[in-house]
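Here is what each chain is made of, one letter per residue.
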Amino acid sequence: MYTEKVMDHFAHPRNMGEVEGANGVGMVGNAKCGDIMQMFLKVNDDGIIEDVGFKTFGCGAAVATSSMATELIKGKSIDEALKLTNSAVVEALEGLPPAKLHCSVLAEEAVRAAIDNYYARKEGKAEECNTVTTGHEEEKPAED
Amino acid sequence: MRQVYMDNAATTALNKEVLEAMTPYFTEIYGNPSSLHTPGQLAHKAVANARQQVAKALGAEDAEREIIFTGGGSEADNMVLLGIAQRYQKKGKHIITTNVEHHAVLYTCQRLEKMGYEVTYLPVDEYGRITAQQVADAIRPDTILVSVMFGNNEVGTLMPIPEIGAVCREKGVFFHTDAVQAVGHVHINVKEMNIDMLSLSAHKFHGPKGVGALYVRKGIVIPALITGGAQEHNKRAGTENVPGIVGLGKAIELACGSIDENAPRMTRLRDKLITRIPELIPEVKLNGHPTERLPGNVNFSIKYIEGESILLMLDLNGIAASSGSACTSGSLDPSHVLLAMGLPHEIAHGSLRLTLGDDTTEEDVDYVLEVLPAIVKRLRAMSPLYHE
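Going down the list, the sequences are from chains E and U.
Just so it is clear: in the first sequence, position 53 is 53 by the working numbering, and no numbers are missing.
Just so it is clear: in the second sequence, position 172 is 172 by the working numbering, and no numbers are missing.
These are computed hints drawn from the structure, not numbers from a lab.
Chain U stretches covered by chain E per the calculated footprint, using a threshold of three residues with CB under 8 angstroms from any CB of chain E:
1) 297 to 306
2) 345 to 351
3) 379 to 385
Glycine included, C-beta positions come from ideal geometry on N, C-alpha and C.
Based on the sequences and whatever the hints tell you, model everything.
Structure below.
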């Protein structure tokens, strides 16, 4: 069902866990749908993402897309990270089953939420974590 | 790495004795049971013998008239619901079932609703049970069928079948039970339990896949679901799956003949898992009834983590298990059974089902108990919902 790359990122997640001194934190999804992703960014004065970490409640694809998203933005500038798309995550994982594509969308949204939190904090008005409750009510695949 | 199969509610390994019984019917005795010649009649005899084995295992009176072979449990369920609805619609268009049935029953009921039938879905309690009183209260003059599963495929809960059977018999309403998970694992007697119709599937008791049977009490008329031939007394067209039917017969004979040895052994292993898992892992909840459950079923919700992740991690450690997680079913909703029992969505997503078989050993159970706590710890460390 999953590609080797997905299984590799699931079994050996990269950048898992909170980041000390993070200055951009975002959380998306909801437990009702079965996926929550939390993204931690440590952005330096030059606007480069020095360190990144994630925590995820969800299926194998949710863990793998979070892990891959952190790899794709680590060491990049904020502007580059904002360009991260869900399809780039899927491509880097060498594909996802159709029913799991929403996980890659969530990974993209988690990065955005963390960056929003970074900007908000710079303006001195943000809470510790930017929590965006998103649901993904998709059309159910045909039974059988 | 040690390989442990704990998904026997999904399917079981074919018993070697069953395979031996089946083999000649692929290559040597390959005649069509409808043919008049000797090879055909030998195949016919084998099918008739299997029918006797099924009737005997269920306590049915008349094998020839009461046992119909089908392509599996789902087909048997479809045949009962659609057939009774069609044949007895003049009496009424009301059917009673529960909200934890297998989809073979639930989706067929939904089809019937679209065709103008009315279905009452009795709600279960926190353990996944209904009472006979609920059935009695729901029966109306236009009720034509009550369909309640014997043992639940996800949480293992056993329904009070003899009591429901007695209520239905007293009120004169047909009673069907989907006993796919129960046959071969707990004692069943259709006469003593007042069961009018019963569905079963061979591969759930170490028989082959793709073959099942339906018991229909003499006097009840179920029209054919598949037409085109006179096989199975005009009830199921198509050349009989002779090796499969022979395998079903042998498997049911072996399984029902060894319940007294296997059930206590499996119950002991089941209860070891049920006792030890909460001791080793904090914040878990047993799903299903603590004692009124199938001998091989263990189902836990493990808080703060998601079911598919647990399965994948177990699989990486050589353990095959199952989950009521949405992610394993291709939809975003977790198990309808767990939701019906009142579990919140987030907890229903984190369920783990371990189902034991005849071949499960104490060492298998110990291996699961060794591996599972570390997996849960690791996934919880990854979870934004978990705070130690």
